[in-house]
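First residue of the sequence shown: 1, per full-length UniProt numbering; consecutive thereafter.
These aren't lab readings, by the way, just hints derived from the structure by calculation.
One or more of the hints may lead you astray.
If you anchor each label on the Cβ, the simulated ranges turn out as follows [as the list claims (entries may be wrong)]:
no., residue 1, residue 2, range
1, E59, A178, 12 to 22 Å
2, L98, K127, 20 to 30 Å
3, P184, K53, 16 to 26 Å
Note that the structure is predicted; figures quoted are calculated from it, not measured.
Where a beta carbon is used, it is the ideal one built from N, C-alpha and C, also for glycine.
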Amino acid sequence: MRYIIKLIAGIFFTVIIITGCALTTPQPNAKSVPVADSTTDPALNIKTPANLKLLQDREGTSVWAMGVLVTLKLQSKDAGGTYAMFEDYIPPGVGTPLHVHSREEEFWYMLDGELNWYVGNKEFQAKKGDFINTPRGVPHRFKNASNKPARMFLGYSPGGFEQWFLDVGKPVRNLQEAPPKVAPDDIQQAIKIAKKYGVEFIKQ
Numbered sequence: 001m002r003y004i005i006k007l008i009a010g011i012f013f014t015v016i017i018i019t020g021c022a023l024t025t026p027q028p029n030a031k032s033v034p035v036a037d038s039t040t041d042p043a044l045n046i047k048t049p050a051n052l053k054l055l056q057d058r059e060g061t062s063v064w065a066m067g068v069l070v071t072l073k074l075q076s077k078d079a080g081g082t083y084a085m086f087e088d089y090i091p092p093g094v095g096t097p098l099h100v101h102s103r104e105e106e107f108w109y110m111l112d113g114e115l116n117w118y119v120g121n122k123e124f125q126a127k128k129g130d131f132i133n134t135p136r137g138v139p140h141r142f143k144n145a146s147n148k149p150a151r152m153f154l155g156y157s158p159g160g161f162e163q164w165f166l167d168v169g170k171p172v173r174n175l176q177e178a179p180p181k182v183a184p185d186d187i188q189q190a191i192k193i194a195k196k197y198g199v200e201f202i203k204q
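Kindly generate the complete structure, drawing on both the sequences and the hints.
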């Protein structure tokens with residue numbers, strides 16, 4: 001009886017060993033399936049885009065436009081025309097006249113300071129951390145009525161209006177220099193050129 005039990009056990013373990021070898025040993029007619037590798041498989045190979053931008057603080061194309069220091073971070077030409085993003089530095093007492101965009105949506109994120117806003121028929125004060133969004137066709141303006149500078153990050157979608165700042169702005173070579181004075185003729189010229197970009201300034 002013991003002999004029979006040992007024989008059965010031996011056969012059982014032999015079958016297990018043979019089966020395991022069959023599962024782990026490549027068969028002559030079997031085709032191996034390679035594991036996808038992100039470094040070799042074109043479908044998974046992630047490449048750094050040619051238009052990648054990395055800008056440090058204060059880097060970008062800076063101009064003074066109607067009293068505001070505008071630093072372009074990303075122009076629409078670098079984003080397929082879909083959007084443009086930049087930073088505004090607004091000295092005390094400076095603001096924009098009431099105007100309306102017909103081609104793009106806008107958004108602002110307050111980085112520092114305070115600004116008095118007028119959007120549609122609503123007036124409010126925005127401070128650090130606040131977010132403002134204005135759809136196209138909605139009149140708006142802002143002004144820094146405090147005694148401290150304000151900064152905000154903003155964007156347009158689709159892009160293109162950033163070219164207006166380049167058209168009317170005065171290039172900045174030194175960010176420490178005092179802002180240039182804004183003459184009445186400069187404002188009238190800026191308003192005239194804005195029409196080219198679908199922006200209308202509203203008289204009050």
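- [ ] For the range 16 to 26 Å, tell me whether the beta carbons of P184 and K53 fit it or not.
- [x] violated (37 Å)
- [ ] Starting from the hint 12 to 22 Å, judge whether the C-beta atoms of E59 and A178 obey it.
- [x] Because 21 Å falls inside the window, the suggested range holds.
- [ ] State, for the Cβ atoms of L98 and K127, whether the hinted interval 20 to 30 Å holds or is violated.
- [x] Holds, at about 21 Å.
When the structure is compared with the earlier hints, a violation turns up for hint 3 alone.
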